[in-house]
Every structure is written in structure tokens, then in C-alpha cells.
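Could you build all of it, start to finish, from the sequences and the hints given here?
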Amino acid sequence: QEIAEMRLSATQGNTLTLEEIVKIQEQSAQQSVQLSHLAVQVQCLQAEKEKLLEVMETLNTAHKIEVESHKARNLLTFRQYKDFYEEAKAATNQKYQELLNSCIQDCVFLSSKNAELTEENTELKRKLKHFN
1 QEIAEMRLSA
11 TQGNTLTLEE
21 IVKIQEQSAQ
31 QSVQLSHLAV
41 QVQCLQAEKE
51 KLLEVMETLN
61 TAHKIEVESH
71 KARNLLTFRQ
81 YKDFYEEAKA
91 ATNQKYQELL
101 NSCIQDCVFL
111 SSKNAELTEE
121 NTELKRKLKH
131 FN
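First residue of the sequence shown: 1, per the numbering used here; consecutive thereafter.
Warning: the hint list may mix true and false statements.
Derived SDA-like pairs (lysine to any residue); straight-line CA-CA distance at most 20 Å [what the hints assert, rightly or not]: (1) K113 x E123; (2) K64 x Q80; (3) K89 x L99; (4) K95 x D83; (5) K51 x A39; (6) K64 x L53; (7) K71 x L59; (8) K23 x V33; (9) K82 x A72; (10) K71 x N60; (11) K71 x D83; (12) K49 x T61.
The hints are simulated quantities; they were obtained by calculation from the structure and are not laboratory data.
Structure below.
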């Protein structure tokens, strides 16, 4: 920018002093150094960005693997619980079916016994009438 100012000043007929020229050149040199420094910083930041992107990708992959692992464990736990539940349900159904069958047999037996006792009672009443 300073060089452009020197040229503009020269084309307009203005003359610069030696001190002004030296000052402009020093500023130009400082700006070149700053520009180089900024370029190096940009390169460092880009390299750091690339490393961070790689780390982030690695972490993302590890996270996906961990999520799949948790999902597989949860599904396995659910299947085991379901199998246990189904076995317990079948055992309970079997128990109550056996209890129901036993109750039905008891009912049939008691009904038969009741019929026998009723018949016996009727017979005893009839015999009692004969003795009176």
C-alpha cells in the first residue's frame, strides 16, 4: 500500500523525503513479516483442524461401535427376559391346568359321592318308615 502511495505521489508530482521513503519501506517490510507470520499461523491452524477432524472421525466411529454394542446387549437382555417370561408363563399355565383338572375330578367324585349318599339317605328314610 505504501509503495502504491509513493508511486501515486510521484505521478502527482509530489516528492517524498528520504525519511518518508525509508519509513514506508520499513512499514512494508514489517507488513511482509506480519503477513508471513499470519500465513504460518493459518497453516498451523489448518494442520490442527485436520488432526482434530481425524480425532473426531475416530471418536465418531468408536461411538457408533459402542452404540451398536449397547443395542446388541439390550436386545440380548430383552430376548433372555422374553424367554424367561415365556417359560414362567408356560409353567404357570401348566400348574393351573393341573389344578383345574384336579378340581374337575374332585367335583365328579363329590357329585358321585353325593348321589350315593342321597340314595343311601333315601333308603334309610324308607327303612325308618317301615320300623315306625
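For each hint, the structure was consulted:
1. K113 x E123: The hint holds at about 15 Å.
2. K64 x Q80: Given pair K64, Q80 is violated - Cα atoms ~24 Å apart, limit 20 Å.
3. K89 x L99: Distance of about 15 Å is within 20 Å: holds.
4. K95 x D83: Given pair K95, D83 holds - Cα atoms ~18 Å apart, limit 20 Å.
5. K51 x A39: Satisfied, since the Cα-Cα distance of roughly 18 Å is no more than 20 Å.
6. K64 x L53: Holds - the C-alpha atoms of L53 and K64 are around 16 Å apart, at most 20 Å.
7. K71 x L59: Holds - the C-alpha atoms of L59 and K71 are around 18 Å apart, at most 20 Å.
8. K23 x V33: Holds. K23 to V33 sits at ~15 Å (cutoff 20 Å).
9. K82 x A72: holds, 15 Å
10. K71 x N60: holds, 16 Å
11. K71 x D83: holds, 18 Å
12. K49 x T61: holds, 18 Å
This entry does not satisfy hint 2, going by the numbered hints stated previously; all others are met.
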